[in-house]
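Student: When the sequence shown is numbered by our numbering, its final residue is 64 and no position is left out of the sequence of numbers.
In short, the hints are calculated from the structure, not lab data. These figures come from a predicted structure and were not determined experimentally. Glycine included, every Cβ here is placed at the ideal spot set by N, Cα and C. Where hints are given, some of them may not hold.
Here are the simulated distance ranges between beta carbons [stated by the list, open to error]:
1) Q41 with L7: 34 to 40 Å
2) V47 with W11: 33 to 39 Å
3) A46 with Y8: 34 to 40 Å
4) V26 with R49: 14 to 20 Å
5) Q41 with D4: 26 to 32 Å
6) D4 with P50: 43 to 49 Å
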Amino acid sequence: MHKDWILYDGWIWLDGYQLNAKGDAVAQRSIFVRPAGLVLQPPTVAVRRPRPPGSASSRHRVCF
1 MHKDWILYDG
11 WIWLDGYQLN
21 AKGDAVAQRS
31 IFVRPAGLVL
41 QPPTVAVRRP
51 RPPGSASSRH
61 RVCF
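All chains should be built: construct the whole structure from the sequences, respecting the hints.
Tutor: Given below as structure tokens:
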């Protein structure tokens, strides 16, 4: 919660994080919005990229 930040009736602070390619949070972001103006989006499915040949996990993989 942003204790020292001004809050007007009908407005809220939203906090989010910028993610790097690994999915780690690298920066925090805050935005002041009116919830009535937000449009909810359906969740997205994260797509895993195939590992390149010779990566650590592919070198130790056993196939039968």
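Student: Which of the stated hints cannot be reconciled with the structure, identified by number in ascending sequence?
Tutor: Going through the list in order, the structure violates hint 1 alone and respects the others.
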